[in-house]
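Read off the chains here:
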Amino acid sequence: MKRWLPIAVLVLTAGWVASTLRPPQNAGDFDLVAFGRLPVLVNGRLKPLDTVARTSLLVLQGRQRVSDPTNPVPLVATPDEWLADVLFNPAKADAYPTFRLSATDSPELLTLMGLTDAETKITYDSAVMRTLAVADFVPGTRTRFSFNQLQPKLPELERQAQLAEPIDTQVRTGFQKAVIQLRDRVILYQRLKHSVQLPDSPAFLSEIVRFQQSVPAGVTAVRARQKGEAHDEAAFKAMLAAAQRYDDMGKFGYLLTVPPDAGEKDLTAWKTAGNTLLETFETGTVNPNVMAYAALGAAWRNHEAGQFNEIVRLFREQLGKRFETQLLKSDVEVRFNAAEPFYKGIILYALAFLCAITSWLIWPEVLAKSAFYLVGLAWLLATAGIITRMWLEGRPPVTNLYSSALFVGWGSVALCLILEKIYKNGIGSAAAGMVGFITLIIAHMLSLSGDTLEMMRAVLDTNLWLATHVVVVTTGYASTFLAGFLALIYVLRGLLTKSLDKDTADALTRMVYGIVCFATLCSLVGTVLGGIWADQSWGRFWGWDPKENGAVMIVLWNAIVLHARWGGLVKQRGLMCLAIAGNIITSWSWFGTNMLGVGLHSYGFMDAAFWWLIIFVASQLALIALAQLPLEKWRSFKTA
Amino acid sequence: MHPIVKQFRDFFVALKLTVVLLTLSIVLIFWATLAQVQLGIWGVQEKFFHAFFVLEKLPGTSIPVPVFPGGYFLGGLLLINLVAAHIYRFRLEWKKAGIQLTHLGLILLLLGELFTSLLQVESNMRLDEGETKHYTESYRTAELALLDTTNPDFNEVVAIPEAVLADGGSLQHPKLPFQIRLGEYYPNAGLQMLPPGAKTPVTAGVGQTVQLVPLPLTYKQDERNLPAAYVELVGPGGSLGTWLVSTLISSPQSPPFLRSTQTFTYQGHTWEIALRLKRYYHPFAVTLLKFTHDIYAGTDIPKNFSSRIHLRTDDARQDREVLIYMNNPLRHAGLTFYQAGFDNDDKTTILQVVRNPSWVLPYVSCIMMGLGLLIQFGFHLIGFIRRRSGTN
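Protein chains in written order, with the working numbering: chain R, 1 to 640; chain X, 1001 to 1392.
Hints are computed from structural coordinates only; laboratory data are not their basis.
Since we're looking at a predicted model, the values are computed, not measured.
Hints are not guaranteed to be accurate.
Stretches of chain R that chain X covers, calculated by requiring three or more beta carbons in the stretch to come under 8 Å of a beta carbon on chain X [what the hints assert, rightly or not]:
no.	segment
1	151 to 163
2	258 to 270
3	565 to 575
Every residue gets a Cβ at the ideal spot worked out from N, C-alpha and C, and that includes glycine.
Chain R on its own, in the form it takes in the complex:
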């Protein structure tokens, strides 16, 4: 029975993972899955509407589910349904609580937006829920609000944002940061609403049909007026008003929904619906793609599922051959979004960690093996996820902070799998579970700032260097962290449990030493490769830029660990303490340098991350201090 248990764990979890690979299903009659697969161009990248929906929700409110705390059923079944409402039926979407605004972030902002206790307090109907709310098991206050709730105070928000804007991002107060963040969220939401129709138009399809009919007469009137001849004043004014409306729509629209014209060679030359509508003045007919989206809107509002599904099908069909590869990518991306391999990975790593540490206390073989299988499965999942992302983007694995978090986790876990294969004592799995879990959580936090498959800025746009320097140096980060986490296991196990016998301690020492050697190699070669990239691109090898300094600090630290060990300055325990200090240095190089205000990443997250960094550093220092306790105090080394 004990032999079969690990296999059973593997089969069960693998089955669970496989179940998420099924194609997503529609909840109702509307084919929202096909709708979510339609490609649009945003931020320079052609991506499915599904991705737009998910990343927009993450940016607006930090999660993909749209729900009300008092209602156990979500308000919309999928992010795609939410996006359909925003695009086509904004009156309905305006009532969804999708703007995150919490008292813990900035209480002043709540006051500014006129949200008093009456709005924020949640009153549950059931007595059970009320009790739970008191005990903080369910939220007692609302943290997400609807556009309708914010609207009365939007002019004041804009005024405050304009006051805060001239101030350097680093010196803005919490309130100012929150103001700008909320203002940007409102703008994003408003831009979404202007993407395929004008939100103030009760029936946009009829509006543009009427517009098309009026264009010939209108253009005649405008020309006549320009020549100073007699003209139809009403037709002229109608044209002017239409031009103004569609110009605003074109400027404000967020999604580029209209594919390039048939003759256009540049397949990225997509346009906004508003700008395309302005072309009607020349062509005389409204672009069929604009018409198609407007018709989708009408079908959505009138609950005509058959019509909606048919328009989606036709729209996709006409993109057809020309965008074959893009459509394939867009389909795969939707499946990838739905499968959420990295979320699954978080759960698997956590389970593996629990199994592995429990294995040191009871059922060593069964649990260690189960942990190993779980780690292996999670790692395969992460590998598949990273490869999919690479294919979607056409890039090496690390292109931004988010993907570096994925890769650091992936690399560390790969090393752990090797260690576990050699030593079979659960240590590799425990470290893998811990590092995998933490890096995926960090990745998740980073994904809150928007699309993670962003386009590369010009200077970074070279695959050769991204593939060599960035990958090697990130592997250096990963292995330095791993050495640190192995050392943490040594200290915690030795201090708190009796399970750290001499063999295990020696094995851990060899692991840490081996990983530090590997880390030295990777961080050194990676750093120097970075210098060579700089020389190739800018004619200078080294510039003392914060990120470069961070990388060289890791190299130096690893060199210190090795030299201290070779020179006999440290023994087992000292090595462990140095390795833990390596965690501090690596976390500084990875995130701290980005907080100096030279990074390209969202200050919103980096601000919160600053406190996490401080907490992390403090915890590592505390563990180093704890490790200084005399060995007789360590439970594992107590003689008696």
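Starting from the known structure of chain R, fit chain X onto it as the hints suggest.
Below, chain X without anything else, positioned relative to chain R:
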């Protein structure tokens, strides 16, 4: 061996010294990274890395006190430590080959950094579309230039470095028919219209209607110091006048009242006086044909910057078009030209120009160190695997 010599040797070959130096280096780098927020990248390099000691002023005074070893000090000691340890411990053994190769590579890398800091010259070339230039300009150092522009085909130039201006005093140059008396010098100063009734020591040129406002030195990366000075020219027959010179005067980016050049005639020759960014003249000319700035559709994210330029050497041996774009610089005559920026509504390109004669050292040392570590850890790994297969 004499005990003192032995003590010296033991000190310099000790691994303990290595560890201490490496630790101090980490502290130095960390501190410098933090200081960059205030001082900017140039300031940090000068204060922390290209210095023997980090100097801090005593609070309330301007007396500098060394508070921490600087880059030269630590790097130098590390170099001595490395070389000494190698000579002392050197054994011709395969097992040591990896370590020795790595450290040799490191020595080369440190030397390379030293040479770079001593020999590297960075300047930039700012070109409007259609413009041709024979020279590049320094980023931060200025020079006082006196140009004899009488001959329309060429100018005779006498340039005085900024450092000399700061010293003050009088200067005499064989090519100049007059003496230069250096007045007050300001390393950073703004210029504004002279308010009515205000006095100025200037008696000639644009400066007569301009007021000088001294500013504190800036270290920000996107700001420049704007030096200015009062300069009097004195001929045998007495003073020719006092000019205000500043890098703001006759710069096309300045407000209109400062844009004109300062010229005067003396003994039948036309002269121009200007404080300008230091120029490096080259035996070739670069013309900007077209600057292109692509962005991703529907965004402001830059996709590519590129400058199509024409390069022509004075001996006419080279006469060709080159496209310089991100990660693809032009290397010519020991100089690297790379796309650094743009201005003026995408009509002007800014090329960074670097001369770094020791550029090849990091490449060699990178290969040596990478190979060395591979050999060293490879031996470890093989030994480890052998031991394990022995015990099992």
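- Query: Tell me, which hint numbers fail for this structure?
  - Reply: Structure breaks hint 1 only.
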